[in-house]
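Take the sequences, apply the hints, and build the full model.
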Amino acid sequence: MVDTEENSKKWDFFERIVQDVNENRNLLQCISCGKCVGDCPASKISNFNIRKIVQRVLAGDESILEEEDIWYCFLCNKCSKLCPKEGINIPLFMLALRNEAFKKGQKIPQLKKYINMCKDFLNNGTVMKESELTSERIKEIQEICKFARIKYLQKASKKKIGVQE
Amino acid sequence: MEEIEPIFLNPNEILRDNPDNPLDFFKDKAICLFKACLEYYYPGIRNCLRELLEDFNFEVKTSLEQSCCSGTFLQRNLITRAQFAAINERNIASMNEIADILIVSCNGCYNSLLRGRNFLRTEEIKDKATKILKEINKEILFRPKLKVIHVLDFLHLIRENIADKLKFTLKGLKCAVHYGCHYLNLRFDKLDDKSFVAPKHKLEDLIESLGGSVADYQERESCCGWGASQNVIHREEALKITFNKLKSAENAGADLLVTNCPTCLYTLNKFRDYMQELFGESPQIPAIHINELIGVLMEYECDHYCLTRVSPLIEELKI
Chain C
1 MVDTEENSKK
11 WDFFERIVQD
21 VNENRNLLQC
31 ISCGKCVGDC
41 PASKISNFNI
51 RKIVQRVLAG
61 DESILEEEDI
71 WYCFLCNKCS
81 KLCPKEGINI
91 PLFMLALRNE
101 AFKKGQKIPQ
111 LKKYINMCKD
121 FLNNGTVMKE
131 SELTSERIKE
141 IQEICKFARI
151 KYLQKASKKK
161 IGVQE
Chain W
1 MEEIEPIFLN
11 PNEILRDNPD
21 NPLDFFKDKA
31 ICLFKACLEY
41 YYPGIRNCLR
51 ELLEDFNFEV
61 KTSLEQSCCS
71 GTFLQRNLIT
81 RAQFAAINER
91 NIASMNEIAD
101 ILIVSCNGCY
111 NSLLRGRNFL
121 RTEEIKDKAT
131 KILKEINKEI
141 LFRPKLKVIH
151 VLDFLHLIRE
161 NIADKLKFTL
171 KGLKCAVHYG
181 CHYLNLRFDK
191 LDDKSFVAPK
201 HKLEDLIESL
211 GGSVADYQER
221 ESCCGWGASQ
231 NVIHREEALK
241 ITFNKLKSAE
251 NAGADLLVTN
261 CPTCLYTLNK
271 FRDYMQELFG
281 ESPQIPAIHI
291 NELIGVLMEY
301 ECDHYCLTRV
311 SPLIEELKI
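Protein chains in written order, with the working numbering: chain C, 1 to 165; chain W, 1 to 319.
Hints listed in this document are in silico derivations from the structure and should not be mistaken for laboratory results.
Among the clues, some could well be false.
Said to hold, decoys possible - Pairwise CB distance ranges (calculated):
1) W:Arg235 <-> C:Lys85: 30 to 40 Å
2) W:Ala198 <-> C:Lys44: 21 to 31 Å
3) W:Glu299 <-> C:Gln55: 39 to 49 Å
4) C:Asn123 <-> W:Lys134: 18 to 28 Å
5) C:Lys113 <-> W:Phe279: 20 to 30 Å
6) C:Glu136 <-> W:Asp164: 41 to 51 Å
7) W:Glu315 <-> C:Arg25: 52 to 62 Å
8) C:Lys107 <-> W:Ala163: 48 to 58 Å
9) C:Lys129 <-> W:Phe279: 26 to 36 Å
10) C:Lys104 <-> W:Asp127: 18 to 28 Å
11) W:Glu299 <-> C:Ile31: 52 to 62 Å
12) C:Trp11 <-> W:Ala163: 53 to 63 Å
13) C:Pro84 <-> W:Pro199: 15 to 25 Å
14) C:Val37 <-> W:Lys190: 48 to 58 Å
Unchecked claim - Some residues of chain W that are not near chain C, with every Cβ distance over 10 Å (derived):
15) Lys29
16) Asp55
17) Asn96
18) Glu139
19) Ala163
20) Phe168
21) Lys174
22) Val197
23) Lys202
24) Asp205
25) Lys247
26) Tyr274
27) Gly280
28) Ser311
Since the model is a prediction, treat every value here as computed from it, not as a measurement.
Beta carbons are placed, not taken as given, at the ideal position from N, Cα and C, and that holds for glycine.
Below is the structure:
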């Protein structure tokens, strides 16, 4: 088959997902059997359908990044246990998709619910209000997270990730 | 290339090498307890385990340097895999200095420690994490002496020793069990696919050792509804999962729901009033962490919140 421009463009999206997490290449083995959907908790309470999401990514359909669906995954790994193929890791695939949504500057309004947790973690080293960590140890956590998105969320920067407190 | 050595203990090996008394494996080893964030609401989880270990004459420590496992931030892409691995390696390094064995009473924290370590097997992530750790004068420990074990695997190994020490048993009480997804579906600590997909039964074994009977129920393997913070971002929908789970356990005639994860416990307990509002019904079955349950049966000093959840049942047991 001639590799038309359209065809190669179709795989751009998939390749970016693979570049983020190498294991995602295993998605090419997906036979779309749907076992993953059968006992998926997210599918029980939303339109989240992992089989369709895999199909859309393999078809190069980037509009999936704009949809609320990808934020419904429970990351419970049940699907990986049920999957008849080897090495398909749905939680890592979902994290890579969400990462792409971030990079594309998608608005992710649910994240405003994380603002306080982020603040507590960066100020105390735990997500609770109380901490036994000394300020010297907390600085280590802040150093590790120096360039993390968690910092932007701490500042609740509307521009960076589309949230406000 | 230096290899990252796995950090988890293999309970089957311990059992194989110490068939008569698996507790012998832990003798003369310093034990550290990992502090899970949600133990803040359930202090009995750590206190009861500490008392139990001290009853077995162990030296028990907690680290003053340990941070939160940061799993919740990885799950929302708020930190990278390298930053996540660095946070967990930092914790491992600090506890490696004070202990040989790390017992983790939370599925999420256990998952994070193993997941972070697993990420380091990718060269690019390992390099980034090394750089990050260098900034705080730390490094990846390729072969730490510290070994990690989930509290359920630990308690299961020593269940007969525990049974011998009980002040009173669970006699006549029917318990439903909740393992939680990150225990049931965890791949990192399994040596092969068979043990990954094999049915899990350790909580049931423990309940029976404690003198109780097990109530099998339809939603045994389903999620508690926390769902990697789905309870935070899509609460009303996620609570449907929690509600179904609790109702299913109740309908099977269970008196008590026993779990091995503080996050699951929080979800199964905290939103009963809201369920009344959402679904017109509030399940009554009490939920308890296995550490707390053992503490209650040992008559350790439990926190007030733990006791109020299970007190009517416990009074029955004492008669």
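task = With 20 to 30 Å as the target window, see if C:Lys113 and W:Phe279 comply at their CB atoms.
result = holds (22 Å)
Outcome of range test on Cβ distance (W:Ala198, C:Lys44; 21 to 31 Å) = The hint (21 to 31 Å, Cβ to Cβ) holds, given that W:Ala198 and C:Lys44 are roughly 25 Å apart.
10 Å cut-off, C-beta based - W:Tyr274 kept clear of every residue in chain C = The claim holds: W:Tyr274 sits with its nearest Cβ about 15 Å from chain C, beyond 10 Å.
query = Can the suggested window of 41 to 51 Å be confirmed for the beta-carbon pair C:Glu136 and W:Asp164?
reply = For C:Glu136 and W:Asp164 the Cβ distance comes to about 45 Å; the hint holds.
inquiry  = Verify this label for me: W:Ala163 is non-interface relative to chain C, using a Cβ-Cβ cutoff of 10 Å.
reply    = It holds; W:Ala163 is separated from chain C by about 31 Å at its closest Cβ, greater than 10 Å.
request  = For C:Pro84 and W:Pro199, compare the CB-CB distance with the range 15 to 25 Å and indicate the outcome.
outcome  = Hint holds: Cβ distance 18 Å, inside 15 to 25 Å.
inquiry  = Is the claim that W:Lys29 lies outside the interface with chain C correct, judged by CB distances over 10 Å?
reply    = With a cut-off of 10 Å, W:Lys29 remains clear of chain C, as the shortest Cβ separation is near 24 Å.
task = Confirm or reject the statement that W:Asn96 sits farther than 10 Å, beta carbon to beta carbon, from all of chain C.
result = holds (16 Å)
key: Cβ separation of C:Lys107 and W:Ala163, checked against the hinted range 48 to 58 Å   = Between C:Lys107 and W:Ala163, where Cβ atoms are some 55 Å apart, the hint holds.
request  = Go ahead and decide if the range 26 to 36 Å is satisfied by the Cβ distance of C:Lys129 to W:Phe279.
outcome  = Holds: the Cβ-Cβ distance is about 31 Å, inside 26 to 36 Å.
request  = Verify that the Cβ of W:Glu139 lies farther than 10 Å from every Cβ atom of chain C, and report whether the claim holds or is violated.
outcome  = Its Cβ never comes within 10 Å of chain C, the nearest being 13 Å, so this holds.
Exclusion check [W:Lys247 not at the chain C interface, CB over 10 Å] = holds (14 Å)
Hints 3, 14 and 22, counting from the list given before, are not met by this structure.
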